[in-house]
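Participant: Construct the complete structure from the given sequences, taking the supplied hints into account.
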Amino acid sequence: MFEKALIGSKGYYTWVLFLLAMIGIGFACYLYQYNEGLGITGMNRDVSWGFYIAQFTFLVGVAASAVMLVLPYYLHDVQVFGKITILGEFLAIASVVMCILFVTVDVGYPNRLLNIILYPTPNSILFWDFIVLNGYLLLNLFIGWNVLTAERKAVAPPKWVKPLIYISIPWAISIHTVTAFLYAGMPGRHYWLTAIMAVRFLGSAFAAGPALLIILAMLVRRLTPFDAGQEALNKLRNIVTYAMLASIFFVLLELFTAYYSNIPGHKHPFTYLFVGLEGHGKYVIWTWISVVVGIASALLLILPMTRRKNAWLLAACIGVFGSLWIEKGLTLVVTGFVPNPLEHVVEYAPTVPEVFIALGVWATGFLVLTLLYKIALSVKLDPNSASVH
Amino acid sequence: MGMNRREFLRIAGIASLWGLGGKTAFEILKPGALEAQLRPPLMKAKKWAMVIDTRKFNAPEDFQKVIDACVKAHNIPKVANQRQEIKWIWKEKYENAFPDDLNQFLPEPVEQKFFLVMCNHCTNPPCVRVCPTKATFKRPDGIVMMDYHRCIGCRFCMAGCPYGSRSFNFRDPRRFLKEITNPDYPTRSKGVVEKCNFCEERLAKGQLPACVEASNGAMTFGDLDNPDSEVRKLLRENYSIRRKPNLGTQPNVYYLI
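From first to last, the protein sequence lines are chains A and B. Note that the working numbering numbers the first sequence so that position 166 is 152, with each residue one more than the last. Heads up, the working numbering is the position in the second sequence plus 465, with the first residue counted as 1.
These are computed hints drawn from the structure, not numbers from a lab. Treat the hints with care, as some may be off.
Said to hold, decoys possible - Keeping only pairs whose Cα atoms sit at most 25 Å apart, straight-line, the calculated SDA-like set for lysine to any residue is:
id	chain 1	residue 1	chain 2	residue 2
1	B	Lys543	A	Gly28
2	B	Lys599	A	Pro96
3	B	Lys521	B	Arg667
4	B	Lys599	A	Gly171
5	A	Lys268	B	Pro627
6	B	Lys558	A	Glu264
7	B	Lys558	A	Glu329
8	A	Lys253	B	Pro627
9	A	Lys253	B	Glu557
10	A	Lys69	A	Ala140
Unchecked claim - DEER-style ranges, computed between Cβ atoms:
id	chain 1	residue 1	chain 2	residue 2	range
11	A	Phe242	B	Ala545	41 to 47 Å
12	B	Glu695	A	His330	31 to 37 Å
13	B	Arg640	A	Thr210	52 to 58 Å
14	A	Ile103	B	Lys543	34 to 40 Å
15	B	Lys543	A	Tyr105	31 to 37 Å
As the list claims (entries may be wrong) - Some chain B residues near chain A, calculated using beta-carbon distances under 8 Å:
id	residue
16	Glu560
17	Val595
18	Thr598
19	Ala624
20	Asn634
21	Ile706
22	Arg707
23	Lys709
Ideal placement from N, C-alpha and C gives every residue a C-beta, glycine not left out.
Facilitator: Rendered as structure tokens:
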């Protein structure tokens, strides 16, 4: 089936070339980082994780959100998702690829990355994250590829795929839970030390991921004859709505605990985010954009007059995705380090090469996504493959 | 740390299977283990601890000579970008060293003065718990160690440490070293984490940590598990505090106020 990714329109080739160019620039910046060390990034002694780990965290959520298609389709027999489940699984693959790349570009000694398996350390959450992420990647590769091959041959997928699909459902939850545990078990990092971190992660993931899927499905509808179907989009929209409202609710819970308890350590990070702390407030503007856009998008998703129009739905999905990206892909990691354990406020902002490396990884993910979607849609639209369209 | 009879026999057995013999066999199968066995450490303790008498640290020189001794002993670079600097032992104000012990009104000397901070070699170290490669580990004698050759530079330990005691080599540290002040201690490479090691390399030679030696008796080092040790005597006779005791990490650096 790979050959289907090689034949396409002029627009397809231009897009692929653009992504390759972005990957090239990112790779060049990475070589610079590889030679110089992580000193070329904005990270420092106090904010020792930054943009890379934030992207990683956000994308684990996008990867996990494939379960929002798989679960209704396979457990509740929601037939409308049948056509697009593969799109969710392939989005998960592209996201996990980005996650693995973001961890790789973040470590100081990448040549030693295999030490994680050479010296397995079960008391480290990172060890488990390594296992669940790679496992999830393999699961989705096996499932997606076999289901698609079966569809092309107009036969039922092999029987052994079914158990893998069922395993992939709790597995998706596990990747984001384990990723939340990276943060939620750290003594002395008040912003992260919260029992609802994992559900907060899942809530925002199940809003941002399906929102991206809606955007992608609309894009596919414009660019190709493939139509996911309005009913599927509406179902996805409901998922985004509930998950987004849950996300907002979780943030309010955090704010209540911090400010009603009045414990300074718990208030500091939120104060830093919303109004700034001791004159430092690099992320205040971002936080408010996230809040305003997030609430506005939630309203667009709830109000009957907007939620039924696809143009508004698209706007709402872009808003949800952007708002949650700011929350998780920008401020979550940095704020955990503010103030530092010695109560000094040290700020962080990514540098130019750091941003280009990140863009290069995003481009790699989008290239993987483009190629996989191209293959999947070619199979679905091929009149010779007896697929359902 | 040592090798027991069972381990010795196991290695000897494997060695004879492979037709190896004598010392060579041990060097191949468990490098350094035999040497360590033959040379018992001169300084031994069940649990190393440090007591810092902050009443004896007043003038800036009192701090500087201690910090300099550490910098010299471990070839600590002076990194150009201050935000990415390497610090093993340094000074902080009371409100920063003990942010959980903050009374509105403190005695003036306490409020104005600086306090030395460093790795606490916690009894329950979160950094060891989070490290994915065991590059940071706890020795049976309590020292929290770094293996610079295993560290992958993920910096999980820096996020885990509630004392900010760990530094990361954001760039090649050798570039910032004007001279190697102690050829016996290795310089580090870029991309690995480092921190205070209670001068384990000096303890192995029967010497006290460099800072303790330079402190003129203001810092005391010894075995916390030995009731007759100097540190236990000081803790018995003086009121002491530790940094963030409420986190349950059980720091092994005590401060006499």
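Participant: Look at each hint and say if it fits the structure.
Facilitator: The hints, checked one at a time:
{"no.": "1", "hint": "B:Lys543 <-> A:Gly28", "result": "19 Å, holds"}
{"no.": "2", "hint": "B:Lys599 <-> A:Pro96", "result": "16 Å, holds"}
{"no.": "3", "hint": "B:Lys521 <-> B:Arg667", "result": "24 Å, holds"}
{"no.": "4", "hint": "B:Lys599 <-> A:Gly171", "result": "18 Å, holds"}
{"no.": "5", "hint": "A:Lys268 <-> B:Pro627", "result": "24 Å, holds"}
{"no.": "6", "hint": "B:Lys558 <-> A:Glu264", "result": "17 Å, holds"}
{"no.": "7", "hint": "B:Lys558 <-> A:Glu329", "result": "11 Å, holds"}
{"no.": "8", "hint": "A:Lys253 <-> B:Pro627", "result": "17 Å, holds"}
{"no.": "9", "hint": "A:Lys253 <-> B:Glu557", "result": "23 Å, holds"}
{"no.": "10", "hint": "A:Lys69 <-> A:Ala140", "result": "14 Å, holds"}
{"no.": "11", "hint": "A:Phe242 <-> B:Ala545: 41 to 47 Å", "result": "44 Å, holds"}
{"no.": "12", "hint": "B:Glu695 <-> A:His330: 31 to 37 Å", "result": "33 Å, holds"}
{"no.": "13", "hint": "B:Arg640 <-> A:Thr210: 52 to 58 Å", "result": "53 Å, holds"}
{"no.": "14", "hint": "A:Ile103 <-> B:Lys543: 34 to 40 Å", "result": "37 Å, holds"}
{"no.": "15", "hint": "B:Lys543 <-> A:Tyr105: 31 to 37 Å", "result": "33 Å, holds"}
{"no.": "16", "hint": "Glu560", "result": "7 Å, holds"}
{"no.": "17", "hint": "Val595", "result": "6 Å, holds"}
{"no.": "18", "hint": "Thr598", "result": "4 Å, holds"}
{"no.": "19", "hint": "Ala624", "result": "6 Å, holds"}
{"no.": "20", "hint": "Asn634", "result": "7 Å, holds"}
{"no.": "21", "hint": "Ile706", "result": "16 Å, violated"}
{"no.": "22", "hint": "Arg707", "result": "14 Å, violated"}
{"no.": "23", "hint": "Lys709", "result": "7 Å, holds"}
Taken one by one, the earlier hints fail for this structure at numbers 21 and 22, listed in ascending order.
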